[in-house]
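J.: Chain by chain, the residues run as shown.
There are 2 protein chains.
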Amino acid sequence: MPSSSSTDATTGADPAAEPQTADRYAAFARSPLGRRVVPGLGLPDPVPLRRDTPGAPLAPGPVLVTGLVGTDGHEHVGGAAGVAAAELAAVGADVVRRDALAHVDRLGGLVVDATTAGSPADLVGLVGACTPVLRRLARGAHVVVLGLDPAALPGGATAAARVAQRGLEGFTRSLGKEVGGGRTVQLVLLRGRGVDVVGSTLRFLLSGRSAFVSGQVVRVGDPVHDLPPAEQARGPHPLSGRRAVVTGAARGIGASIARLLVARGAEVVLVDVPAAADALAATARSVGGAPLVLDITSDLAPGRLAEHCERAGGVDVVVHNAGITRDRRLRNMRPDAFAAVLDVNVGAPLRLTEHLLGAGLLGRGGRVVGVSSLAGIAGNDGQTSYAASKAGVIGMVDALAPVAAAAGATVNAVAPGFVETRMTAAVPPLTRQLGRRLASLGQGGLPVDVAEAIAWLAEPASAGVDGQVLRVCGQSLLGA
Amino acid sequence: MPSSSSTDATTGADPAAEPQTADRYAAFARSPLGRRVVPGLGLPDPVPLRRDTPGAPLAPGPVLVTGLVGTDGHEHVGGAAGVAAAELAAVGADVVRRDALAHVDRLGGLVVDATTAGSPADLVGLVGACTPVLRRLARGAHVVVLGLDPAALPGGATAAARVAQRGLEGFTRSLGKEVGGGRTVQLVLLRGRGVDVVGSTLRFLLSGRSAFVSGQVVRVGDPVHDLPPAEQARGPHPLSGRRAVVTGAARGIGASIARLLVARGAEVVLVDVPAAADALAATARSVGGAPLVLDITSDLAPGRLAEHCERAGGVDVVVHNAGITRDRRLRNMRPDAFAAVLDVNVGAPLRLTEHLLGAGLLGRGGRVVGVSSLAGIAGNDGQTSYAASKAGVIGMVDALAPVAAAAGATVNAVAPGFVETRMTAAVPPLTRQLGRRLASLGQGGLPVDVAEAIAWLAEPASAGVDGQVLRVCGQSLLGA
Chain A
1 MPSSSSTDAT
11 TGADPAAEPQ
21 TADRYAAFAR
31 SPLGRRVVPG
41 LGLPDPVPLR
51 RDTPGAPLAP
61 GPVLVTGLVG
71 TDGHEHVGGA
81 AGVAAAELAA
91 VGADVVRRDA
101 LAHVDRLGGL
111 VVDATTAGSP
121 ADLVGLVGAC
131 TPVLRRLARG
141 AHVVVLGLDP
151 AALPGGATAA
161 ARVAQRGLEG
171 FTRSLGKEVG
181 GGRTVQLVLL
191 RGRGVDVVGS
201 TLRFLLSGRS
211 AFVSGQVVRV
221 GDPVHDLPPA
231 EQARGPHPLS
241 GRRAVVTGAA
251 RGIGASIARL
261 LVARGAEVVL
271 VDVPAAADAL
281 AATARSVGGA
291 PLVLDITSDL
301 APGRLAEHCE
311 RAGGVDVVVH
321 NAGITRDRRL
331 RNMRPDAFAA
341 VLDVNVGAPL
351 RLTEHLLGAG
361 LLGRGGRVVG
371 VSSLAGIAGN
381 DGQTSYAASK
391 AGVIGMVDAL
401 APVAAAAGAT
411 VNAVAPGFVE
421 TRMTAAVPPL
431 TRQLGRRLAS
441 LGQGGLPVDV
451 AEAIAWLAEP
461 ASAGVDGQVL
471 RVCGQSLLGA
Chain B
1 MPSSSSTDAT
11 TGADPAAEPQ
21 TADRYAAFAR
31 SPLGRRVVPG
41 LGLPDPVPLR
51 RDTPGAPLAP
61 GPVLVTGLVG
71 TDGHEHVGGA
81 AGVAAAELAA
91 VGADVVRRDA
101 LAHVDRLGGL
111 VVDATTAGSP
121 ADLVGLVGAC
131 TPVLRRLARG
141 AHVVVLGLDP
151 AALPGGATAA
161 ARVAQRGLEG
171 FTRSLGKEVG
181 GGRTVQLVLL
191 RGRGVDVVGS
201 TLRFLLSGRS
211 AFVSGQVVRV
221 GDPVHDLPPA
231 EQARGPHPLS
241 GRRAVVTGAA
251 RGIGASIARL
261 LVARGAEVVL
271 VDVPAAADAL
281 AATARSVGGA
291 PLVLDITSDL
301 APGRLAEHCE
311 RAGGVDVVVH
321 NAGITRDRRL
331 RNMRPDAFAA
341 VLDVNVGAPL
351 RLTEHLLGAG
361 LLGRGGRVVG
371 VSSLAGIAGN
381 DGQTSYAASK
391 AGVIGMVDAL
401 APVAAAAGAT
411 VNAVAPGFVE
421 TRMTAAVPPL
431 TRQLGRRLAS
441 LGQGGLPVDV
451 AEAIAWLAEP
461 ASAGVDGQVL
471 RVCGQSLLGA
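First to last, the protein sequences are chains A and B. 247 is the number that full-length UniProt numbering gives to position 247 of the first sequence; each next residue is one higher, with no gaps. 160 is the number that full-length UniProt numbering gives to position 160 of the second sequence; each next residue is one higher, with no gaps.
Treat the hints with care, as some may be off.
Listed next, with one range per pair, are the computed distances between beta-carbon atoms [said to hold, decoys possible]:
1. B/101 / A/157: 49 to 57 Å
2. A/298 / B/135: 32 to 40 Å
3. A/158 / B/314: 22 to 30 Å
4. A/307 / B/105: 55 to 63 Å
5. A/40 / B/288: 33 to 41 Å
Honestly, the hints are just simulated from the structure, not real lab data. Glycine included, each C-beta is placed from N, C-alpha and C at the ideal position.
Let's have the full structure, built from the sequences with the hints guiding it.
T.: Structure below.
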């Protein structure tokens, strides 16, 4: 994440807004000339991503579900493969197993069950499973490797099993950097009864909803509450009947989040500061939600939000999207600017969440989603305040997830990388190009990519995804 | 870490060898013309790093030890500041506190005790502590921020405290990217009785021994055994009387490790494969250690190494440095090459360590140090096998640290970034330049930088550093 210039002090809306930056390099790469020149020169090849559209199939072709394949050609299938095949077939995916591969030309997805790997030597089964089919993966095909969370293996597990399962992370992150063509690769680590509730995560990761997510590790464990009926979970409106609050929603990423949550069935309250009241009202009308003018940093904010939620009969989903930047190197930092960034980006979200949890308004089925940042993970030149606040959001997830889980709610965060917004449009050109290209997907994301990740976490069916921070960054090469 | 070409199959020595790559850009930047051009153009400015030399002072000037400083000018001093001041003064550092700052021109180091931060708002005290003195930090000065491990705060700690302490990570990683001039910034997180045993870590991080370490987080907790007498711990030979084994020691980083351990007082056994026997013998003679020809992947290797150690009366330090690469994208991967990388890099280290632990040969005061890699953390194009093996090394640390701790030993790893070796000299020029420059320190490291980190972990005084993976990468911007 390149640093960005300071933004308007009068709005609590996320400084990211209107995704209208023309990515001229991407346009060139997709032109007839670019298509001839770019691959030959080894330049980044930012192909158009396969994003979700209503009615689109889950994947751009059949999905192969396979176990590890030993050097003897034997396939080692764990229970996770069967669950994955059933979950994907239930939403209409054309699931194929190895014995039917001869009838398939291009694959639209690949799921490798590596949960059976019990020693480093077993990892060679990844070669048997993947190498013969990698050239047949369609553009935009998504790969998911299923493993066991090494930190949560049963007491009797050997060190060799922990080493093998931990090794999967290096494998998948590398493969994400190799596949190209808008393909993505993730590692899903199961713990406890996670295998029983992995459906929502597989649907998200195999579909175009995760187009800008790659090279990531997602843990799925014991659900914090019972799951909804399968038909609702797998339908087009997984958020129907859910009441959601999105802060910083007047424009930019916040408006995109509100719009998507509405489209997926939720009733959405859009929150923003008084100075953005007009834009907020217009956005609320446009997306079909209700506006709530509120300065989240004020002392009265927790009580007022709680009151608002109480009148609506509770709240299911809270998305802490509001954020500001006041970028300046620490040697030139003013304490009040530093303090403001901390308070808007993490102080207020923490107070609001603790108040709602304490008042019993965020209970069974509740979802809190924070917005961290690549800067909060890796740090960034000129962003000591912003990075501290966004690392603090990760701390909020760690601190509150256990508290919320006891009430049947989850707490997670997304960490956007380079997303095309008004904020990134203000970044100097060279920095902007690096932000886009230093990523496996070779381009910036769109606000909807962040919204999709949040909508997935907000689903009732995602009850097994808790205490996680998901990077939505096109596998940016930057990190810690 | 850029991918490297496959290396000689006949040697188990780390493929990295002889650090003889001329970094021509660095030479240019340090020339009279470069000194005029580079800063003005915003180009990377790889200043010569301040590395340790015998008899050199800890820091290139007085070290300021401070607490957080509120907007009212009040300094909040925790107990950690007092300990840090005493530990540094005991090794001859000129420690100053805020009230004596007026008498100081350039600072050679800065320690900020942020353990008192109990809420996000308290983090503004970092501005009061740092901003007024940042311009006075000498080139090569090192900064350490002291915090509390948010994952190990006492049960009564508030969520606000966890958020604040977690926020420190974003702050320090950002500051590391800002300071320039060969300066480094780290975060030390204390847990349990860690504050009582933080001395070896502070000495390492403030001194030139950590010249190529920046932007990292180090946890210091309950020591797994009693510490040695202070005089020995703080003297020039902290490893005196220690018996060490270094694999892949015939050349390259392994030879550097062996040489440094000997210089710090250890008796060292250098291990390498039969094909490298001649080089091994020469290196052993040169560094003053004993050669042991052994293929670590053979079935007999654990027994033979144990026998060798038993004859010597035990072993205190095992450094698993041997490693190979067989780089190829997964779509072109051969199973046998994939399997070989896994077995040499993590299978054999795991078997050797488990055998030594099981035989009671690695006990109280023992140290196991694995060598992971940036590729094992972030993945790398063309390195699915290498990255899986190096992620596996992290899994080995996680799996064996609790087992070893019960016996009074620690298990840690280092994760080198771009280090100038025979391996990186073979990398294509543009990739090589990116590997060097995409880092806060703007240059590649030297084998001795990896060796220094290992020597620190090997010290008896580092008994509170356990289960850690330390990147030695000049704060490479790459990561996960």
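J.: All hints, please: hold or fail.
T.: Here is what the structure says about each hint:
With their beta carbons about 54 Å apart, residue 101 of chain B and residue 157 of chain A fall inside the hinted range of 49 to 57 Å. Look at residue 298 of chain A against residue 135 of chain B: about 36 Å separates their beta carbons, and that is inside 32 to 40 Å. Take residue 158 of chain A and residue 314 of chain B: their Cβ atoms lie about 25 Å apart, and the range 22 to 30 Å holds. Between residue 307 of chain A and residue 105 of chain B the Cβ separation comes to about 58 Å, which falls inside the hinted range of 55 to 63 Å.
With their beta carbons about 53 Å apart, residue 40 of chain A and residue 288 of chain B fall outside the hinted range of 33 to 41 Å.
Hint compliance for this structure: hint 5 is the single one not met.
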